[in-house]
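Novice: Listed below are the residues making up each chain.
Protein chains: 2
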Amino acid sequence: MATTNPAATSPIQPDWNTIVAAHERIRPRIHRTPVLTSESMNALAGADLFFKCENLQKTGSFKIRGATNAIFSLSDEEARRGVATHSSGNHAAAVACAAGWRGIPAWIVMPKNAPKVKCRAVESYGGKITFCEPNVSSRSETAARILAETGAVLVHPYDDDRIIAGQSTAAKELMEEVPDLEAVLCPVSGGGLLSGSCLGAKGIRDDVRVFGCEPERADDAYRSLKVGALQPLETTDTIADGLRATLAPRTFAILRQQVDGILLVSEEEIVATMKLVWERMKIVIEPSSAVALAPLLKKEGIEQVSGRAGKRARVGIILSGGNVELKW
Amino acid sequence: MATTNPAATSPIQPDWNTIVAAHERIRPRIHRTPVLTSESMNALAGADLFFKCENLQKTGSFKIRGATNAIFSLSDEEARRGVATHSSGNHAAAVACAAGWRGIPAWIVMPKNAPKVKCRAVESYGGKITFCEPNVSSRSETAARILAETGAVLVHPYDDDRIIAGQSTAAKELMEEVPDLEAVLCPVSGGGLLSGSCLGAKGIRDDVRVFGCEPERADDAYRSLKVGALQPLETTDTIADGLRATLAPRTFAILRQQVDGILLVSEEEIVATMKLVWERMKIVIEPSSAVALAPLLKKEGIEQVSGRAGKRARVGIILSGGNVELKW
Chain S
1 MATTNPAATS PIQPDWNTIV AAHERIRPRI HRTPVLTSES MNALAGADLF FKCENLQKTG
61 SFKIRGATNA IFSLSDEEAR RGVATHSSGN HAAAVACAAG WRGIPAWIVM PKNAPKVKCR
121 AVESYGGKIT FCEPNVSSRS ETAARILAET GAVLVHPYDD DRIIAGQSTA AKELMEEVPD
181 LEAVLCPVSG GGLLSGSCLG AKGIRDDVRV FGCEPERADD AYRSLKVGAL QPLETTDTIA
241 DGLRATLAPR TFAILRQQVD GILLVSEEEI VATMKLVWER MKIVIEPSSA VALAPLLKKE
301 GIEQVSGRAG KRARVGIILS GGNVELKW
Chain L
329 MATTNPAATS PIQPDWNTIV AAHERIRPRI HRTPVLTSES MNALAGADLF FKCENLQKTG
389 SFKIRGATNA IFSLSDEEAR RGVATHSSGN HAAAVACAAG WRGIPAWIVM PKNAPKVKCR
449 AVESYGGKIT FCEPNVSSRS ETAARILAET GAVLVHPYDD DRIIAGQSTA AKELMEEVPD
509 LEAVLCPVSG GGLLSGSCLG AKGIRDDVRV FGCEPERADD AYRSLKVGAL QPLETTDTIA
569 DGLRATLAPR TFAILRQQVD GILLVSEEEI VATMKLVWER MKIVIEPSSA VALAPLLKKE
629 GIEQVSGRAG KRARVGIILS GGNVELKW
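Heads up: the protein sequence lines correspond to chains S and L, in order. Per the working numbering, the first sequence runs over residues 1 to 328. Per the working numbering, the second sequence runs over residues 329 to 656.
Bear in mind the hints are in silico, worked out from the structure with no lab data behind them. Keep in mind the model is a prediction, meaning the values are calculated, not measured. Just so you know, even glycine gets a beta-carbon here, dropped at the ideal spot from N, CA and C. Wrong hints could be hidden among the right ones.
[Unchecked claim] So the derived label-pair ranges between C-beta atoms look like this:
#1 L:Ala557 / S:Glu177: 49 to 57 angstroms
#2 S:Lys275 / L:Gly431: 27 to 35 angstroms
#3 S:Thr150 / L:Glu505: 41 to 49 angstroms
#4 L:Glu505 / S:Lys311: 30 to 38 angstroms
Chain S with its partners taken away, still in its complex shape (with noise of 0.2 angstroms):
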């Protein structure tokens, strides 16, 4: 396997030392996620697709990749502190979970509405919940008063290099499983998986392409990779209950650098995309999974991702988690 460092002509961080380190630290706690493909699916996206499954890991979603990197980053003293969060989603699990494993205690700050199913997976992990109000202001508060009375430390969902690197080992194992890919296609919402991937799978070989994939009605990361600057988002009316956080600097940087592309889907290219996952391919994905499939069901998508004309495209897609309500 190719080990080139595209990051050491340039500062960003972290670096493929730095990467390769994050893996060796989380290896033994995690699941190698298996990587699926389905005739049935190349055959709708004209394509060969390989799924890394990351919905079969362990709390249902790659985050707890970062932050067991983050945890078991933390020096003896530091993780004596614990840990805090703010997060509605797979992130809250995640650091509930590693915190679990190396001991220590996590609070998280979730809003008041979050999905029941997430607050208990929280709770079952050890976590410690402090609900704020369902907006930007009451979260930061509540955050800083618990980082505060707890001499906790901050686990950010994204804007932190150890997140980062630990991200980046899911597309670093989908490239060293299948290392003639295109392109890898990847969510992206605050950007820690995307650029992440953009680090993982450029390191294994770095012609690969890597696309971000956002749902229209939360496309910051396309407008804001177009602009130049970081663009607010002005609602995140989306199903896709993964995808409603912003990009933040750190991510941002990598980006501008590293990534191919950004490709936009509607609410019900989600949803079909969904379904269709579930009903082909027998796992459960949740909708931000979908996200990362749906262009390529698109001919626009594909032709997008695909670099050679005439060729049949191997794609990978990371079907970053499946935390999903089911009804009976």
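Since chain S is already given, all that's left is putting chain L on it; use the hints.
Specialist: Then chain L, alone, in the frame of chain S:
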């Protein structure tokens, strides 16, 4: 890996060489399905569980293993005649699919009340459906007529050495990947998967114990093995629609020599277990698959499969399929 052959000293067919040849024959065409683990399922069972995910197999079930072996074992002259079978479910789709790979016609007799989703699957693989009344005599008569009219070769769902050898490869792969299992569990209906699993697992390590799992409401295997003679099934009123067939002479003969026991589960246990797997493991399984896990969520089930007292059991479970109508 050990390649002992427990069948060498007994007249049991298919023998180990036949199984190895079947595996080589089908390997290029099927998925080597992943073996998943789940800490939350381990905690619930109080044992270390290893799930062989045949729900993620091509056509959505293990049935493609036997069908592919049977159809690619045909001579060119036999193949030219095409194949025929009767099945309301996964075997029908598997035969249609494997026949498509070989480029030969497949005639499928299905009861007129078969689920529409299964009829669509057969048609999507190019199978030619003939509907019959939903009873044994109509099915037999219709199948006999189709065989006479077309000259096709019958590919029986389970009373066939080529089918049993093909189905044995799932347990063989599981034991190759986790050689120190104490027990392997799978569902039992006609007995193709269970008799194959006995041969495939014990061929790798002859002291592994193999158990069949069966709905209380379709318990002919349990009763037949107890009595020592094939017993009929009075009713097939179980949600596990893949488990409504009864043992055949060939599968019964293997099970009498090789199986270590049959575990029964209630309808309520099947449904609760199916939901649990969807929620915790993020994979779609059909009720028949849940039958092979449900016994392990009961204290007496774990005790029955655990060979040594006081030692935490390591148990393999074959999740047989994922073909279930999704409700949205």
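Novice: What hint numbers does the structure not satisfy?
Specialist: Hint check: nothing fails, all pass.
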